[in-house]
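Visitor: Residue numbers (the working numbering), protein chains in the order written: chain B, 363 to 456; chain D, 384 to 522.
Worth flagging that the hints you see were computed from the coordinates, not collected in a lab. Glycine is no exception: its CB is placed at the ideal position from the N, C-alpha and C atoms. Treat the hints with caution; some may be incorrect.
Stated by the list, open to error - Examples of chain D residues lying across from chain B (beta carbon under 8 Å, computed):
1) T419
2) A421
3) L423
4) E445
To be verified - Which bits of chain B does chain D cover? Going by a derived footprint, with three or more residues having C-beta under 8 Å, they are:
5) 417–424
6) 433–445
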Amino acid sequence: MNEVAYVAAQVSTISAVVFVFGILGIALALFFALTMVLLFRHRRRRLVLLAAVGDYARDTTAIDSARRKAISVVTVADLLTEPKLFDAATRRDR
Amino acid sequence: MPDGTQPDESVPGSGLSRRLDRLTARVRALFVPSVTAAALIDARDARDPAAVVLQLYSWERERLFTLAKGLAGAGVTVLGSLVLEGVKDDSAAVPAVLVYAAAGLVVALLLWAGFVLTGLRRLAEEYPVAVAVVTFERR
């Protein structure tokens with residue numbers, strides 16, 4: 363009887379360890395997935411905003427407050443990291 | 384026609400997306416120089432663009448210096464409190480976990496201040512480029 367109890371206790375311990383590590387693994391996978399999604403979104407969004415900055419640089423008169431507010435998050439450092447968009451943003455048509 | 388009250392389709396993204404952008408920008412400004420490209424573009428139309436850019440970068444440098452000094456001062460204050468607590472020799476009154484947390488806070492604050500100060504190098508690198516951008520058409 364004691365052997366049965368011993369085996370049951372071991373199985374219970376192993377199950378608990380597997381459960382805890384499983385939860386941790388799932389949490390870790392979700393964290394990395396979320397990080398990847400945010401990084402991808404950040405990259406894509408930054409390109410869109412940089413393109414909008416380029417449009418603004420070409421003609422600053424065609425601007426409304428909402429658009430001006432949206433592109434105000436783009437910094438000079440962002441421009442420097444994207445040479446083609448930097449050229450677009452510093453060129454003026456008129 | 385966008386009038387500031389309607390979503391502007393020329394800059395795609397939902398309201399949540401824009402709020403996330405602004406939140407990211409605010410958090411980023413706590414660590415690195417953040418002179419906006421729009422301000423630089425606006426400076427091109429000023430009577431003396433180079434002076435405007437100099438003012439922009441001076442304000443940014445001052446902001447980062449003030450932030451770094453404040454962080455370092457807060458770190459030193461916490462460190463001083465820790466030392467005083469140790470000198471008083473009644474450390475049993477303070478839980479050990481609080482002491483360790485305070486010590487960690489000191490390290491974090493000093494590292495933050497150091498990161499901000501080292502980031503000023505990027506500001507110096509950006510400045511000539513910014514001046515070149517605003518003065519290019521006047522050469």
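Visitor: Would you mind marking each hint as holding or not holding in the structure?
Guide: Results of checking the hints against the structure:
Taking 8 Å as the C-beta contact cut-off toward chain B, the hint placing T419/D at the interface holds, the least distance being around 5 Å. About 5 Å separates the beta-carbon of A421/D from the nearest beta-carbon of chain B, less than 8 Å, and the hint is met. With its C-beta approaching chain B no nearer than about 6 Å, L423/D sits inside the 8 Å limit, and its interface hint holds. The interface hint given for E445/D is violated, since its Cβ lies 17 Å from the closest Cβ of chain B, which is over the 8 Å cut-off.
Restraint check on the segment 417–424 of chain B versus chain D: 4 residues with Cβ-Cβ distances below 8 Å, three needed, restraint holds. With 10 residues carrying a beta carbon less than 8 Å from a beta carbon of chain D, the segment 433–445 of chain B meets the three-residue requirement, and the given coverage holds.
Comparing the model with each earlier hint shows a violation of hint 4 alone; every other hint is respected.
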